[in-house]
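Chains as they are written, first to last, in our numbering: chain A, 30 to 351; chain B, 1191 to 1477.
One should not assume that every hint holds.
Claimed, not checked - Heads up, simulated DSSO-like pairs for lysine-lysine below, C-alpha to C-alpha not over 30 angstroms straight-line:
(1) B:K1306 <-> A:K96
(2) B:K1306 <-> A:K280
(3) A:K281 <-> B:K1351
(4) A:K233 <-> A:K327
(5) A:K299 <-> B:K1327
(6) A:K281 <-> B:K1303
(7) B:K1303 <-> B:K1257
(8) B:K1263 <-> A:K152
(9) B:K1255 <-> A:K96
(10) B:K1217 <-> B:K1277
(11) B:K1277 <-> A:K280
(12) B:K1217 <-> B:K1207
(13) B:K1296 <-> B:K1207
(14) B:K1306 <-> B:K1224
(15) B:K1217 <-> B:K1409
(16) B:K1306 <-> A:K281
(17) A:K281 <-> A:K298
(18) B:K1257 <-> A:K153
(19) A:K152 <-> A:K99
(20) B:K1267 <-> A:K153
(21) B:K1383 <-> B:K1224
(22) B:K1255 <-> A:K152
(23) A:K153 <-> A:K226
Calculated directly from the structure, the hints in this document are not laboratory data.
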Amino acid sequence: MNSVVFGQYYHANSWLHRLDPRCKLVSMFMLMIGVFFIRRLDVLALLFALAIILVISSKVPIIKYLKSIKMIATLLIFTFVFQVLFNKTGNELYTFNFTLTYFNLAAGILLLVLFFVLGRLVKKLRLLQFLATLAGAFSLQMFWVYGDVITPYSITIHDASLINSGIILVRVLILVCMSSCLTLCTKPTDITLGLDKMFAPLKKLHLDTSIFTMMISIALRFIPTLINEAFRILRAQASRGVEFSQGGLIKKIRQMVSLLVPMFVIAYKKAADLALAMEARSYIPGHDRTSLYLLKYKARDYIVYVFSLLLLAGMIVVRFVL
Amino acid sequence: MSVNLSQVIFSYDTSRKARLSGEYYLKVDNLNIKDTNEFIAIVGHTGSGKSTLTHLLNRLLIPQKGKLVVDEKEVTKRTKLLPIRKKVGLVFQFPEYQIFEDTVLKDVSFGPKNFKLDNPETLAIEAMETLGIADLKDRNPFTLSGGQMRKVAIAGILASKPDILVLDEPTVGLDSASKEELLEFLKYLNEVKHISIVLITHDMEVVTKYCRRAIVLKKGNILYDGDSLELFRDEKLVEDAHLDYPHLTKIMIELKKKYNLDIDPYKYDAASAFSELEKALIGGKHE
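Let the hints inform the model, and build the full structure from the sequences given.
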C-alpha cells in the first residue's frame, strides 16, 4: 500500500514546490496535451529530457519517481513487446529464426516452473525474473536445436513498428514523470485549493465547485486515516484467527467481508461525526467562505505560464506545420 | 507454560535509514507472562508502546530483532500462527474494529470457526452466557449499546478459549456500573477459570484493586515490571512515567505531608486507609 505514489507529497524546497498550484496544474495540463500532439521520436526525446530536468530540479529522491514508473512497468513492457512483435509496418530490420523442438519446449516449461518455485523464495524483482525466464526460453529455441522438431518459426522486427513502440513508451514515461512531479511537489490540499480557485468563476453559472473541492480535500485527508484503520482491523481479525494470505477464493471473500464491514462502519461513523463537527462550526455548503491560505501569483508563475504556452505552441507547430 | 519476549526491538518504520539510526518504537529486554493466574496491568503515557507490546505477544506485529517464545518453543517464520493467536486472545479498544457479522451469535462464533474448534456455536453460547449476553444472540451487533458491543467483542475472543486474555483499555467509554461489572467479570475469569488477564489501562484504581503485577512503559522502554502495589512507593518512577496515584493514596500522601503523620500512605482501599489513619490519630502520633 505504501508504494502508491499518487497523492504522496514529498516535502522539499525546490522551485517546483514553490510554484502556485494553479500554475502547476495548468502548465502540466498544457504539456500533457502537447505530448499527445507529437509523433516524432526525436522531439519526444527532447521533451523527455525536459521531464528529466523537472524531475531532477524537484529535489525529490529519484526513487519516488521510479516507484510510480514501476507501477506501470509491466504494462509498458508488454505494450512495447506486443507493438514490436505484431505491428508489421515499415521496412524489415531483423529476423529472428526459432526452432521449437520437444526438448527446448520441455526446457521452456521447466524454466516456467522454476520461475514459480523461485517466486516462493525470492519475492522481489518478479518482473525481471519473468523477463529472464522468457529470454531464456526463447534463446533456447534459437541456439539449442536438439531432438525432433515440432515447428520452425520466425519473428521479424520492422523499423516503423520499433519507432512507434518507442513513441508510446517515451510518451507514457513523460506523462508519468510529469504527473508524479505535480503530485510529489504539491500538497493534495494545495491541489484542491488551486482547483477551487480555478473553477470559482463557474459560480456565476450556478455551478458551485467549492462543494466538490471540499469533498475532494476531505476524501484526500481521510485516505491515510482509513489506511491506518484498515491495518488495525486486519490485526483485530488476525487475532480472531483470520489468515488473510491463505485459503481459497470463497474463504478469501469471507475474509474480505470481515475487513470491509468494519471499514464501512468506521468510515460512515467518521463521516457522520465530521459532518456534525463541520455543521457545529457553521459550515454551510455553497456559502461564500474566505480562505486561510490565499493564492497569489508571483513572477516565476508567469514565467512558467509563458514558457508552457510557448512549448505547447511549439509542439502544435511541430505537429501541423513542420 | 508462558509467553516470553526477549531482546525484542520493534519499529513501525522499516526503512533502511531507521534501521541504521538504531531508533525504535519499543524495546523489551525480557518479559514473561504465564498463562495461568496472572493479572497484569500495562500502564504508561499515550504513545508509550502499550498496545504495540500486546500486539507483539501474539505475533500480530513482527519485531525487527529478538524472539518470541510461546510454551518454550521459539516462534519463527515457519511457525503456524493460529495456535499462538488462540492462546493469546486480544480484545481491541474499540469493538467495532472486529465486529462484522449480522447477528451476535455469528460474530461470537467467528473466532472458534477460524481456529477450527469443535462445536463453535456451543462455545459461542457458553461465552455469551458467561458474560450475561445470551439473550442478545439474534440481535444485530451494530444496534447494541457501547457496553453491550464491548461484551460481544470480549465474548468473541473468550469463545476461542484463550489462556491469556489481553484487553486494550476495556473500560473506556463505559459508565461506572458497567465498568465495575466488566472488571468483576475479569476477576472471576482470573480466579475461577484461571485465565491470565493482561489489561492496558490508565486507571490507577483498577491497577491497585484488581491487578497483581504492573508493567510500566515510557517511550517504548519497560521502566518497571513487578508488584502492582509496590509500584506507587517509587515516587520518582511514578513521576517519570507520568502516572497518577490512586485517589485514596493521593489523599493519604497529602495528609501525611500536611500534618506530618506517621503513617504508611500506600493504602489502596478505604478500610486499610481508615485503620492506618485511626492508628496514627488515636495513638496520638500526630503533632
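Check your understanding: Which numbered hints turn out to be false for this structure?
Key -> Structure breaks hints 1, 13, 23.
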